[in-house]
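There are 2 protein chains.
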Amino acid sequence: MEVIRSNFKDNLSKVYEAIEEADFLAIDGEFSGISDGPSVSALTNGFDTPEERYQKLKKHSMDFLLFQFGLCTFKYDHTEEKYIMKSFNFYIFPKPFNRSSPDVKFVCQSSSIDFLANQGFDFNKVFRNGIPYLNQEEERQLREQYDEKRSQANGAGSLSYISPNATKCPVVIPEDQKKIIDKIVEQIEEFLKNEENESLELEPCTGYPKGIHVETLESDKKERYIVISKVDEEERKRREQQKQAKEQEELNDAVGFSRVVHAIANSGKLVIGHNMLLDVMHTIHQFYCPLPDDLSEFKEVTSCVFPRLLDTKLMASTQPFKDIINNTSLAELEKRLKEVPFSPPKVGSFLSPPKNHVSARSKLIEPFFNKLFLMRVMDIPYLNLQGPDLQPKRDHVLHVTFPKEWKTSDLYQLFSAFGNIQVSWIDDTSAFVSLSQPEQVQIAVNTSRYAESYRIQTYAEYVEKKHEEKRAKRKCTEDSWKEMERKRLKTQGSPYISQSRYYCINSFTGTSIVGKRSMSPIQEETGPDNLEEEGVPEDQTNSYAESPPDVKKRAKRFKKIKSEQVSAGGLTSNSTEIFEVPETW
Amino acid sequence: MEVIRSNFKDNLSKVYEAIEEADFLAIDGEFSGISDGPSVSALTNGFDTPEERYQKLKKHSMDFLLFQFGLCTFKYDHTEEKYIMKSFNFYIFPKPFNRSSPDVKFVCQSSSIDFLANQGFDFNKVFRNGIPYLNQEEERQLREQYDEKRSQANGAGSLSYISPNATKCPVVIPEDQKKIIDKIVEQIEEFLKNEENESLELEPCTGYPKGIHVETLESDKKERYIVISKVDEEERKRREQQKQAKEQEELNDAVGFSRVVHAIANSGKLVIGHNMLLDVMHTIHQFYCPLPDDLSEFKEVTSCVFPRLLDTKLMASTQPFKDIINNTSLAELEKRLKEVPFSPPKVGSFLSPPKNHVSARSKLIEPFFNKLFLMRVMDIPYLNLQGPDLQPKRDHVLHVTFPKEWKTSDLYQLFSAFGNIQVSWIDDTSAFVSLSQPEQVQIAVNTSRYAESYRIQTYAEYVEKKHEEKRAKRKCTEDSWKEMERKRLKTQGSPYISQSRYYCINSFTGTSIVGKRSMSPIQEETGPDNLEEEGVPEDQTNSYAESPPDVKKRAKRFKKIKSEQVSAGGLTSNSTEIFEVPETW
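Just so you know, the protein sequences line up as chains U and C, in that order. At position 286 of the first sequence the residue is numbered 286 (full-length UniProt numbering), and the sequence of numbers has no breaks. At position 491 of the second sequence the residue is numbered 491 (full-length UniProt numbering), and the sequence of numbers has no breaks.
A portion of the hints provided could be inaccurate.
[Claimed, not checked] No more than 16 Å apart at the CA atoms, straight line, and that leaves these computed lysine to aspartate or glutamate pairs for EDC-like:
(1) C:K230 / C:E218
(2) U:K86 / U:E198
(3) U:K221 / C:E332
(4) U:K125 / C:E215
(5) C:K230 / C:E247
(6) U:K230 / U:E198
(7) C:K221 / U:D294
(8) C:K243 / C:D147
(9) U:K59 / U:D36
(10) C:K393 / C:E332
(11) C:K125 / U:D122
(12) U:K58 / U:D294
(13) U:K125 / C:D122
(14) U:K86 / U:D36
(15) C:K58 / C:D36
(16) C:K230 / C:E196
(17) C:K125 / U:D114
(18) U:K75 / U:D114
Just so you know, the hints here were simulated from the structure itself, not pulled from any lab data. Note that this is a predicted model, so its numbers are computed, not measured.
Kindly generate the complete structure, drawing on both the sequences and the hints.
The structure is reproduced here in structure tokens:
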């Protein structure tokens, strides 16, 4: 079902219901671009650490717009032995909703746009009919604006209306505006004397005079004008309530698609995606809060918005599937999963081969919970959202710098004495080169000591130098600008970024490692839905608040799950088996 | 007429013809956004200098995409006494044309997109069917790529094909690729022995083996594969020529819409726009070269691309029109020009009141040539493209800094003793305040000397401090980074920006002031088309080269026009009359 601005409100309860009844959900986003760097290869290097990858994606991918959000809900019908699937395709666009609303700028990448155009993507649906949204900070600000206006109106028994944020001292009327103000005052006096007229419409202007019941309305031409009415107390209250209801509706309309994301978050349901790191980052960035500075903070935010994630690209790239799935791209994977030894699940009512149903809480998929596939990283298969990341030994890796004319073949040439090597380009003039044996590393460094055109260092040396440079850079910038910036900073409040985050504050213990993951994924599960009772509290699965999810409650639950998992025993050795990580980990 | 990718080539000669026969042209662009700053008011201040305004627009507006270009050509039919108008509406999109083509990123501003959506703008036409384009540097690079490939192919009598840029030494085949290479060598040997087969299609791969006639083709799946054919010399030549013709066509397709802009530039025709500074900047930036760093360089480039410009917003804002035109926005202006004392010109065949025709070379419009309207600048009505800009005295202007809570009313309050003032906001904490009399300026500065919450300085002091800061900033940055950057710079060539400019090098004399402007705009012209003989050489008006305009010739002509104008006498005093500039200029 396609959901656009005009049918969003009418279908929202249908969406809530689908999420509520579902066993699990699947999501997928379409973006206006992927990388604002020179190329995708500049964005991803085979020896990125998870922290580095996160920083790169945050810096180079978040200015694009997530403008289509696909949501599929799956509910298993035990009687019919099939899945009931409901799919929703939301078109998203940050249409400004009033004069003071944020005017969002987003980047488009022509290759991505061209790709979507070739798929028949309907850009008019996005730009003309996209559903608006607000992140939590924007929603809070808008709510405050409404509250302030209302409290002013309520305290206005004295009938004195003041424009928001105006200084309270008398206003000096500029010479050239005196005429128009005089005319308005005259009109109002005339109107007050006159018994016949119930209301008075003033010419469009921006000032707020004192009056009786004053309303600012907007004409079709977007000119604002003031209506002044004589009303009794009861009528005044009725109008006030009407206005409040209208304001609440406006607020809901402005929050728009974010309400769907809140519902997904509040449901605590398992959310499935394919290569979903960017989907998760964009969803949080666009509908919750600007992405945090550090990866560890990002993991915390994610645990609030998506407490249970499953990345099918990671599954397909992992034993035992790895050996029987050659290509893990979504289209190829779909084809492969229709052949033996796989058999497709019964979905809807149009698939015939009957198949046992795997619960969303099955232990079979537990090893993959909250681990997101890390694309094009050599030795770290996933980003672990629920604990520290894998730290592979990179003692066989060299960092090489060279003239920009060099090609991969030059590197093969240079290292021809060392047998098999792997090259991971960083930029025009540097690359990581991994040797087959760590013992060769020091030999390579030594033989290059007096080379002029290129330079070789160990991975450890490279990391150390990078940290040093970072410290030096920070210090230099701080010193140079401190003097100049001091005056300006004095008059400013704390910067926006620190105010705009809104997520559960939840310290990571660093030792938390997800437990109950020792079984192989193909092992038969001990019983269906066996985690339903102990897992998620009832109130979490059934509450779909209109407001943002109760973040504190979520944080508490998250801690509980983590401690349970930790107490259930460590994973390290078993994880090693499943993900085929070298013993050095 | 709507022109999109699919009908562009078929209609190009029609467009060329329309430009060639026209007396003058009119252009208008639609953009994906206007300002990437926090607001348009941050982009424009009433006391911007032309240099400052240029820098602001360059910094905050050029990342948007010009995605629709409107062109109207007007030719006066003396027999029918009416204008023949031809209008073209080009949809533009930087669709990548091959693997190595630039992947353009552009910004969209949601308010601008929403505005266009409300006007019924068809985004699918842009993104699915937009005409591609290249600027001159990109065109040059692509041409070089083709030339290099061709010269390699021509020198390949030895039948040795080398992948471009490959080092010439033997390639070491990595261990894991040896099997596949061995298999290919075997296949080729088999194929060479076998008399029956005329060609051999290899499996998709990226290496180039030695062969007979080798072609790399692309499958529907965008996989590249190699076809090796046995051909005699004649057939080889025929295929080579075919390939060259195909490459030339590909090149033309890639240059795309820029060819229309080249034709406009080469025509030297008068180009009319309304508030056209951004249109001119975007057109040059997108289809010619990155905008130069300085305003004076920008004027030089503009003289090459648009040698004769006319801005109708400037005309409408200038005496004698100023007094009888209240609103100079395009829609309002159109309405007003249908009423007395104006009468609309006869256009096409559907307007009835007959009217004399004003030649595009008429002296009546000369005072406005190559002057672009400067929006929202208090005392500089236009950007003068053909000489130094006006330098108004700003000795009645103060620069004020204050806490960010201050509103305009606070400033009126502060200066209430000085009578009428005008406020031009710079940002949250500063503004220009102009007093009615310059004598008050020093009084205001003196009385504020001990104020704590705000600070007042003269405009001259403000300018001086800004220059100082700029110098300090530059020095600091240079010092801090010099050390770190030295090593990297050593291996790099000169930066891209300095290579990518391509326009006439043409020193501005600084004293050049456009002559022949002493007559009032409503004065009757002395004779029709009186400049036609002496003005532009015949070869300029009739040549529509496929290649970029002959920039050297243009530069020469530009110099000639300028020197004629200078020798024809100064304008200053007359310009003052026409544009109502204060005597202090």
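Each hint tested on the structure:
no.: 1; hint: C:K230 / C:E218; in the structure: violated (20 Å)
no.: 2; hint: U:K86 / U:E198; in the structure: violated (53 Å)
no.: 3; hint: U:K221 / C:E332; in the structure: holds (14 Å)
no.: 4; hint: U:K125 / C:E215; in the structure: violated (42 Å)
no.: 5; hint: C:K230 / C:E247; in the structure: violated (23 Å)
no.: 6; hint: U:K230 / U:E198; in the structure: holds (6 Å)
no.: 7; hint: C:K221 / U:D294; in the structure: violated (39 Å)
no.: 8; hint: C:K243 / C:D147; in the structure: holds (12 Å)
no.: 9; hint: U:K59 / U:D36; in the structure: holds (9 Å)
no.: 10; hint: C:K393 / C:E332; in the structure: violated (32 Å)
no.: 11; hint: C:K125 / U:D122; in the structure: holds (10 Å)
no.: 12; hint: U:K58 / U:D294; in the structure: holds (10 Å)
no.: 13; hint: U:K125 / C:D122; in the structure: holds (10 Å)
no.: 14; hint: U:K86 / U:D36; in the structure: violated (34 Å)
no.: 15; hint: C:K58 / C:D36; in the structure: holds (11 Å)
no.: 16; hint: C:K230 / C:E196; in the structure: holds (11 Å)
no.: 17; hint: C:K125 / U:D114; in the structure: holds (12 Å)
no.: 18; hint: U:K75 / U:D114; in the structure: violated (35 Å)
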